[in-house]
Amino acid sequence: MLSNRQARPDLYPRGMKEVSDAAHQRHMKLQLWFVPHCIDPSVEIGKEHPEWLGEPYDFSGNYYSLDHGDPKVNQFMIEYYTKIVRDYGLDVFREDGRPLWPSDNKPGRIGAVQAHYIEGYYAFRDALLKNHPSLIIDNCGEGGKKVDIETISRSILMWRSDFQCSGNPVSISNQLYTFGLSYWIPLYSAAASWQWNTKYDFRGAFAPSLVLMSAVSDLNQKWNQIDLNLLKAMLEEYLSVRDAFYGDYYPLLPYDAGEDSWLAWQFDQPEEGKGLVQAFRRSQSRFFAVNYLLLHGLDPDALYQVTDLDVNQPQTRTGRDLMEKGLELTAKEKPAALIVTYQKIQK
22 MLSNRQARPD
32 LYPRGMKEVS
42 DAAHQRHMKL
52 QLWFVPHCID
62 PSVEIGKEHP
72 EWLGEPYDFS
82 GNYYSLDHGD
92 PKVNQFMIEY
102 YTKIVRDYGL
112 DVFREDGRPL
122 WPSDNKPGRI
132 GAVQAHYIEG
142 YYAFRDALLK
152 NHPSLIIDNC
162 GEGGKKVDIE
172 TISRSILMWR
182 SDFQCSGNPV
192 SISNQLYTFG
202 LSYWIPLYSA
212 AASWQWNTKY
222 DFRGAFAPSL
232 VLMSAVSDLN
242 QKWNQIDLNL
252 LKAMLEEYLS
262 VRDAFYGDYY
272 PLLPYDAGED
282 SWLAWQFDQP
292 EEGKGLVQAF
302 RRSQSRFFAV
312 NYLLLHGLDP
322 DALYQVTDLD
332 VNQPQTRTGR
342 DLMEKGLELT
352 AKEKPAALIV
362 TYQKIQK
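Numbering (my numbering), first residue to last: 22 to 368.
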């Protein structure tokens with residue numbers, strides 16, 4: 022909902038609440054996508070309050086910004102969207118759009134307008150969450166441009182970058198995003214394309230949450246290109262290991278964007294005594310094996326069942342051995358993506 026936030030009466034005669042009611046009856050949730058500070062001057066808020074229209078939101082001049090830094094405007098936005106969430110029965114408020122504040126170049130006051138805008142922006146989200154304690158705010162933020170400590174404390178990150186918008190994101194980019202974001206953010210999503218036909222691509226998109234996407238406009242043309250057996254297998258595999266991505270994160274190799282390298286990390290669930298290791302052999306790597314991947318956070322005196330998901334021949338090793346000698350992983354093909362799980366054996 023970019024300009025007019027009201028539901029079309031010809032499509033939804035009883036409003037969006039009938040949609041959310043239907044979803045809730047099926048134990049589902051309803052998410053709607055908003056750009057709350059972007060206004061079309063020809064409809065609704067823009068017509069009622071033309072004095073609030075700020076700078077052009079885009080180069081077309083069709084949309085204008087609302088200023089979170091103006092207390093009157095911000096209070097209106099809080100009340101307006103609080104009512105929408107209630108009346109529509111929303112579970113997830115997906116917020117898109119970059120933070121856009123008015124020109125901030127007055128001598129001696131540079132940065133002040135921006136600071137007030139950001140303060141109001143945080144207050145807007147705080148008020149929505151206070152008024153609707155069960156509400157989830159999905160921070161789209163125009164492709165991850167609002168990934169800061171204050172914002173992520175109020176929201177979840179279900180779209181980490183617009184590089185995914187092509188519908189066929191580059192696998193190495195997914196790997197690098199996971200490598201970096203996992204230091205800071207416990208919950209985020211990565212995107213996987215329906216068109217992928219390799220384990221390397223799919224496993225590179227495994228994350229705490231997974232978005233399965235395709236360019237909807239040409240899905241009919243692409244449908245016959247989809248490997249449904251692989252897609253089903255990868256989704257089943259992902260669901261079997263997804264919980265691990267909520268664990269403690271340990272990079273096992275240095276950050277490297279080169280196609281001639283390996284990349285690896287560990288997610289450990291100490292309370293559960295289990296976790297996983299992912300390793301990626303890139304397309305131009307000359308090395309078919311990587312050694313001394315030293316694991317972290319294990320019980321040195323415990324036994325662990327270690328399983329390469331592609332080989333499925335469990336081995337038993339001590340936690341001390343895994344932390345001091347580590348794993349040696351081999352990939353004969355390139356590119357390749359390996360997943361090794363481990364589970365503490367109960368004494």
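Since the hints were derived computationally from the structure, they do not count as laboratory data.
Note that the coordinates shown come from a computational prediction; the quantities given were computed from them, not determined experimentally.
It is possible that part of the hints are untrue.
Here are the simulated lysine to aspartate or glutamate pairs, DMTMM-like style, with alpha carbons at most 20 angstroms apart [said to hold, decoys possible]:
#: 1; residue 1: K68; residue 2: E100
#: 2; residue 1: K365; residue 2: E354
#: 3; residue 1: K127; residue 2: D159
#: 4; residue 1: K151; residue 2: D112
#: 5; residue 1: K295; residue 2: D277
#: 6; residue 1: K50; residue 2: E140
#: 7; residue 1: K127; residue 2: D147
#: 8; residue 1: K220; residue 2: D331
#: 9; residue 1: K104; residue 2: E39
#: 10; residue 1: K50; residue 2: D91
#: 11; residue 1: K50; residue 2: D159
#: 12; residue 1: K295; residue 2: E354
#: 13; residue 1: K295; residue 2: D248
#: 14; residue 1: K353; residue 2: D322
#: 15; residue 1: K253; residue 2: D159
#: 16; residue 1: K38; residue 2: D147
#: 17; residue 1: K50; residue 2: E39
#: 18; residue 1: K166; residue 2: D112
#: 19; residue 1: K355; residue 2: D320
#: 20; residue 1: K353; residue 2: D269
Hints, verified against the model:
no.	hint	verdict
1	K68 <-> E100	holds (18 angstroms)
2	K365 <-> E354	violated (30 angstroms)
3	K127 <-> D159	violated (34 angstroms)
4	K151 <-> D112	holds (14 angstroms)
5	K295 <-> D277	violated (27 angstroms)
6	K50 <-> E140	violated (30 angstroms)
7	K127 <-> D147	violated (29 angstroms)
8	K220 <-> D331	holds (10 angstroms)
9	K104 <-> E39	holds (16 angstroms)
10	K50 <-> D91	violated (33 angstroms)
11	K50 <-> D159	holds (13 angstroms)
12	K295 <-> E354	violated (28 angstroms)
13	K295 <-> D248	violated (31 angstroms)
14	K353 <-> D322	violated (33 angstroms)
15	K253 <-> D159	violated (27 angstroms)
16	K38 <-> D147	violated (24 angstroms)
17	K50 <-> E39	holds (13 angstroms)
18	K166 <-> D112	violated (23 angstroms)
19	K355 <-> D320	violated (34 angstroms)
20	K353 <-> D269	violated (29 angstroms)
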